[in-house]
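Let's have the full structure, built from the sequences with the hints guiding it.
Quick note, the sequences are listed as chains A and B, same order. The numbering of the first sequence is numbering that gives the first Met the number 0, which starts it at 0 and goes up by one. The numbering of the second sequence is numbering that gives the first Met the number 0, which starts it at 0 and goes up by one.
In case anyone wonders, no lab produced these hints; they're calculated from the structure. It should be emphasised that the depicted structure is a prediction, and the values quoted were computed from it without experimental measurement. Be a bit skeptical, because a hint or two may be false.
Here are the computed lysine to any residue pairs in the SDA-like style, where the Cα-Cα straight-line distance is at most 25 Å [what the hints assert, rightly or not]:
no., chain 1, residue 1, chain 2, residue 2
1, A, K58, B, E35
2, B, K236, A, R249
3, B, K120, B, G107
4, B, K253, B, R241
5, B, K256, B, R237
6, A, K238, B, K120
7, A, K58, B, Q318
8, A, K238, B, G326
9, B, K236, A, K58
10, B, K120, A, K58
11, A, K238, B, T321
12, B, K236, B, K253
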Amino acid sequence: MGFFTDTSVCIGCKACEVACKEWNAVPEDGIALTGMSYDNTVGLGADTWRHVAFIEQRKPISRQDSGLHHDTDVLAMAADEPSTDFRWLMSSDVCKHCTEAACLDVCPTGSLFRTEFGTVVVQEDICNGCGYCIPACPYGVIDQRDGDGRAWKCTLCYDRLGQGQEPACAKACPTDSIQFGPLDELRERAQNRVEQLQDAGVADARLYGESPDDGVGGDGAFFLLLDEPEVYGLPPDPKVTTRDLPAMWRHVGTAAVTLVGGALAAFAATALGGRK
Amino acid sequence: MSDQEVRPGREALTGVATGRKRRRKRGEQPMVPDAEFTSYYGKPIINGPVWHSPDIPGYLFLGGLAGASSLLGAGAQATGRGTLALAAKTGAFGAISLSLVALVHDLGRPERFLNMLRVFKVTSPMSVGSWLLSAYGPLAGAAAASAVTGKLPRVGAAATVGAAAFGPAVAAYTAALVSDTAVPAWHDGYREMPYLFVGSGASAAGGLGLLAAPERECAPARNLALFGSALEIGALKRMEHRLGMVAEPYHSGKGGKYLRAAEILSAAGVAGAALGRGWVRRLSGAALIAASAATRWGIFHAGLDSAEDPKYTVVPQRQRVTTAAEGNSSG
Ligand code: SF4
Ligand code: SF4
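Next up, the structure:
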């Protein structure tokens, strides 16, 4: 099970942020105006499990026929307005519930585990607060809670799934920008949607994180974006570090042997060269 | 991200390389001109390590010092260099105990270390390390206790050999610990990091020997220090060269400062160790230990800086995507 977030219909209402906080009793994490458009939560963290990004861009959105208002000529109405080379992108970000999850791999206590729904969850009673999962996540999702020391992130509403309910954010989303369901079904729906947008002239529409062949084996939460991922604060080509771990252990082994060799040589040299 | 105090100017724009404070180093040219990239208000992509200094860099340094000292101690015991053996064994135990204190301090509570031993996971270098420390620590302790008290010499000798068997792994695994993260300056350096770490450990252990042992016993310590310093510097240079733009935090900012200090200290230490006698030798031993510590602090801070600036995450990944796309379209 997972999320498909279609950012093309996101209206930036932040209902998901609020619903997530409410349902999961996530503590308040500072109320401040950042001046980053309407984004006052800045990014995902221990106390922000859903984050709506607002991007103000000097790029005109492609002309589309909305298919609505066929009796009034909206284009003629709009033509009277001076054109603005400006658009807003909004996107609700969340833990990706990676198929190969770096956070889960590196956790030394087994606190992070994969649920029967294929999602990734932290067990707060086991988490040690070692903080290893935090820099391991290639998406910058999981984080340490101040004054608590333990790691927290989106659980994809594990408790709600268990009751056959959809996650709070998806339930609250008024535009169905956040869709919840079995991944295969979501991928198909996403594919149709991206084709539909591209046919309508939105050439920049693309899917992000949907492919099981990517660096993390595919995301359990993937997105339809209207620009490059880094514009939204997402990494363009994330890779789970564990894929390089066998090579890392090999180098560690060789280095350890090198050290032994160096120490042996250090003593051997004194025997050969006499005591200097 | 809960630090709400970050407030870019009201005019912050996205879709353009936003004005992250360009940390331009004085008088030094960047290796590669700043690549154009876009970011979300210049905010970091990954959540950087929440580890603190001095706990974690200290932990890395002390682990290296301990592991390599155990080798030196075993060698000194085998070749009948009593004072050197005593210094190396007590040094190893002291260092590993302190490193455990540093780790527990960063975790917050001692039980949390024990909690790490609930499971064993090869995919987690921290889990492997915890088990390694639980095997190594008592051996190093027994070796040191026997060396100090002179009691149970057989047990002491066996423990010395045991500690020397685990020592190299203790000195090396921390390289996998930092590299197995999404922190660009750490992860991308995973090929050289282990050599850098064991080299740094060897020069610290050699430094300790030079500092504590009498002249007639310190030849192997001197050799180990020279070997370690050469390995450490060689690995660092190679890593910086291979990483290109991602290596910038290794010569700018806080990380760069520590690494420059490490270079100077290590050059002075090596020269003093090779030529000096008496107090010059002892002083250069201390300089080598300090150099090793400065190296770890430098690596630590460079990692934090590389996590903080989205450029180091985005630009290499973007290049990877572009290269892959070109490969696909041409092939
Ligand atoms: S996005 Fe990060 S926190 Fe979420 S499952 Fe993947 S690695 Fe873990
Ligand atoms: S902080 Fe908690 S969840 Fe994260 S790796 Fe450490 S023990 Fe596991």
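Going through the hints against the structure:
Among the hinted pairs, A:K58 with B:E35 is consistent with the structure: their alpha-carbon atoms are about 18 Å apart, no more than 25 Å. Proposed proximity of B:K236 and A:R249 is supported: the alpha carbons are some 21 Å apart, at most 25 Å. At most 25 Å may separate the alpha-carbon atoms for a hinted pair to count; B:K120 and B:G107 meet this at roughly 22 Å. Simply put, B:K253 and B:R241 have alpha-carbon atoms about 21 Å apart, close enough for the 25 Å limit, and the pair holds.
At most 25 Å may separate the alpha-carbon atoms for a hinted pair to count; B:K256 and B:R237 meet this at roughly 19 Å. Between the alpha carbons of A:K238 and B:K120 the distance comes to roughly 20 Å, so the proposed pair stays at or under 25 Å and holds. The straight-line distance between the Cα atoms of A:K58 and B:Q318 is roughly 24 Å, inside the 25 Å bound, and the hint therefore holds. Taken as a hint, the A:K238 and B:G326 pair is honoured in the structure, with Cα atoms around 19 Å apart against an allowance of 25 Å.
Distance check on the hinted pair: B:K236 and A:K58 sit about 43 Å apart at the alpha-carbon level, beyond 25 Å; violated. Taking the CA atoms of B:K120 and A:K58, the gap is near 48 Å; set against the 25 Å cutoff, the hint is violated. For the hint pairing A:K238 with B:T321, the CA-to-CA distance comes to about 15 Å; that is within 25 Å, so the pair holds. About 18 Å separates the Cα atoms of B:K236 and B:K253, which keeps this hinted pair within 25 Å; it holds.
Violated hints for the displayed structure, listed by number in ascending order: 9, 10.
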